[in-house]
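Asks: Generate coordinates for the entire structure from the input sequences, incorporating the hints supplied.
2 protein chains.
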Amino acid sequence: MGDEHVKKASILSIGNELLNGRTIDTNAAYIAGRLRTISLPVVSVHSVSDEEAAIERALALATGEADVVVATGGLGPTDDDVTRQAFAGFLGVKLVLRPELLEKVKQFFDRRGIEMPARNSIQACIPRGAAAIENEMGTAPGIRAQKDGKRLFALPGVPTEMRHMLDTQVLPELRPLVSGQAIAVRRLKCFGAGESRIAEMIGDAMRRGRNPLVNCTVHTGIISLEVVATAADRAEAENMAEREERALRTLLGKLVYGAGDQTLAEVVGEGLVRTGRTLAVAESCTGGLLAELITDIPGSSRYFTYGWVTYSNEAKCRELEVSREMIDTHGAVSEQVAQAMAQGARRKAGTDYAIAITGIAGPGGGNEQKPVGLVYIAVDNRDGTDTSRYVFSFDRSSVRLRAAQTALNTLRLKLDLTGPVQI
Amino acid sequence: MGDEHVKKASILSIGNELLNGRTIDTNAAYIAGRLRTISLPVVSVHSVSDEEAAIERALALATGEADVVVATGGLGPTDDDVTRQAFAGFLGVKLVLRPELLEKVKQFFDRRGIEMPARNSIQACIPRGAAAIENEMGTAPGIRAQKDGKRLFALPGVPTEMRHMLDTQVLPELRPLVSGQAIAVRRLKCFGAGESRIAEMIGDAMRRGRNPLVNCTVHTGIISLEVVATAADRAEAENMAEREERALRTLLGKLVYGAGDQTLAEVVGEGLVRTGRTLAVAESCTGGLLAELITDIPGSSRYFTYGWVTYSNEAKCRELEVSREMIDTHGAVSEQVAQAMAQGARRKAGTDYAIAITGIAGPGGGNEQKPVGLVYIAVDNRDGTDTSRYVFSFDRSSVRLRAAQTALNTLRLKLDLTGPVQI
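Protein chains in written order, with my numbering: chain U, 1 to 423; chain G, 1001 to 1423.
Hints are computed from structural coordinates only; laboratory data are not their basis.
Treat the hints with care, as some may be off.
As the list claims (entries may be wrong) - List of simulated lysine to any residue pairs, SDA-like, C-alpha gap at most 25 Å: (1) Lys1104/G with Asp395/U; (2) Lys1348/G with Ser1334/G; (3) Lys1348/G with Val93/U.
Said to hold, decoys possible - One side only, chain G facing chain U, incomplete, derived with CB under 7 Å: (4) Gly1021; (5) Thr1078; (6) Gly1287; (7) Tyr1306; (8) Gly1331.
From the three backbone atoms N, C-alpha and C, an ideal C-beta is built for every residue, glycine too.
Replies: So, in structure tokens, the structure goes:
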């Protein structure tokens, strides 16, 4: 199946509030996710202001890129809602008042015991020749139209209304369109190497135009590889994705820690539950972040019992029995202190494992010997303590997050969860 | 000031991951917000896949709509990063390898003691005639170009890199472009009441078309009121915004905890520093989140010394000297235990204040008497302990975050920071 036969969609997000830097457009991601469930990939999202000309330009671009355009927003009753007018303009027709739609808008207010404000009658207007999409949850019906074989939809911007209309009316209409194309998706989560290194390891899997295609994204040190297989039917697409996933797992080995949306804390937690082991943590520079990531997982109380945030030297000595002399000799940020913190935490908590982190998160506190970003991570169990030294980069938040993730990854590797397939 | 003379910007977000429904584009909102601080409004955001033709089409549309185009993403070293190529294509020039850029990319790897992977040399290529934007935090330099009087910028998609380059290099270059139009923005941060209540309190300030306009957004319980004043010159706009800010502060009183991007932890930290007081925390259901929010603030070691994550009952007894009988009688989630945790933490840490949180974050663990979301927060100082009961809503993450924020807000009010202006 050549790429040129794959039907595609484009999303139009309409509204000034999307452009002021304060509102994050979550509708577009929702629509893209839902369209993908019916194997209709989204090739672009255009966010424009409530201006007829801008919306018309975006419609022209979107219909050039895609077979289906789903617009949201600008169907309200106020003067700044002009999506209807822009659709009419783009289709080259006039807006017409549809009495049956007006009746429904009126009924919506009647049910609430309110008289319909006059301005709401605009919501009963749709472009001549277009059809309405019923809105059971609000006053604004949507619009369904065609131009040059392209399907156009306009939905309200209110998420609950939009979602309901998309799921119950738009997706069912689109499904027959994509019946000869299926997309299967797999996601592998990796930690412990950079993007370039992983790209090298997986060879040409990321080459453009390949099928399955592998996309690589990095977020806070976690590398996600997304496998997208396209085929004429679902079984074939799933098969292709499955084979590709297995190939990637073989190439990447233990760098792959999980799949889908799994976090490192989740995988470590599952490993601890499965092996019936328990964990305590002692943190300095991460200041509670490691404990927070661990306890973010529901049910973490089965394996996590104690955490210390020993932010001062005194706290390290008094709570974790680190010796004052050791801190004076080696400094609080040292291999020795990390090791002593982990041992002290495990001894006091009586757990199978303890992780300790000490470092310099910055922006202040660094020097030539011990730069900002220097972090020691120790993992202690009955067999002894492994301590490693890292220098993490950039800002305070990045250093802290990378340190906490690396600590989790160290424990993951120590737990020897052979192959994430079993997780 | 006629609208036709107002300079405008368009944002291009580049990356397949933005179109798959899994990733929410936060870069676009950040850029829009920053451009607004220099009075450059954003008229559109176009998100396209990592495809040269798609990027070129979007560049054509964006330069038609705006005077400035800021693109992010697609500057990585892998095959699916094609923003450089698309910029070259749009500009009608070839990509050229710039030795001085290659040197910088190599140095980036050298500093980490790694040899530069061969594929990273693509990051030293930029379109002929364009300039590079230096990237101090990563390997990919950005691109700065002009076409038909329009300014084009390409920045990496990694938020830390993009933000730094935007702030230090792109905004300074754009500032002269927008003299003659002025937008002044103020942001007030509020905690302790819902959006509707705050809207009621501030009367018609949020009416559309008003100048200054007040926008209200809610994010994780924090209500941000944004005042936007528009005028022909900066002094006038700043004056209008200033007056509006003062009026809002009077109406909202102690609900306003800060301004700009201030967090509750920052405001509390400043209050502790100013009064020379210290803080310890003892957490159960928040599992380290409160300590993490506190220590996220640089310099927090001046006032924060000890934190305990007493996730098990045993940990509460052994670390904080909560009595076993109290837990047996009242349960670990009770007013009594919260109070005892706070007192134990302050006694052991020797601080001026201690905060304790115990609750049921869910999804499991609730019952009729003690539902999911039930949280007790205690703040102890030499004058005694204040303990309050809350039932927070929705999911585990929301309960935990709301509990930690409410704990910080309780301490803020107790510190009696009279009026956030002094903070």
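Asks: Could you run down the list of hints and mark each one as holding or not?
Replies: Verification of the hints:
| no. | hint | result |
| --- | --- | --- |
| 1 | Lys1104/G with Asp395/U | holds, 20 Å |
| 2 | Lys1348/G with Ser1334/G | holds, 21 Å |
| 3 | Lys1348/G with Val93/U | violated, 76 Å |
| 4 | Gly1021 | holds, 3 Å |
| 5 | Thr1078 | holds, 5 Å |
| 6 | Gly1287 | holds, 3 Å |
| 7 | Tyr1306 | holds, 5 Å |
| 8 | Gly1331 | violated, 14 Å |
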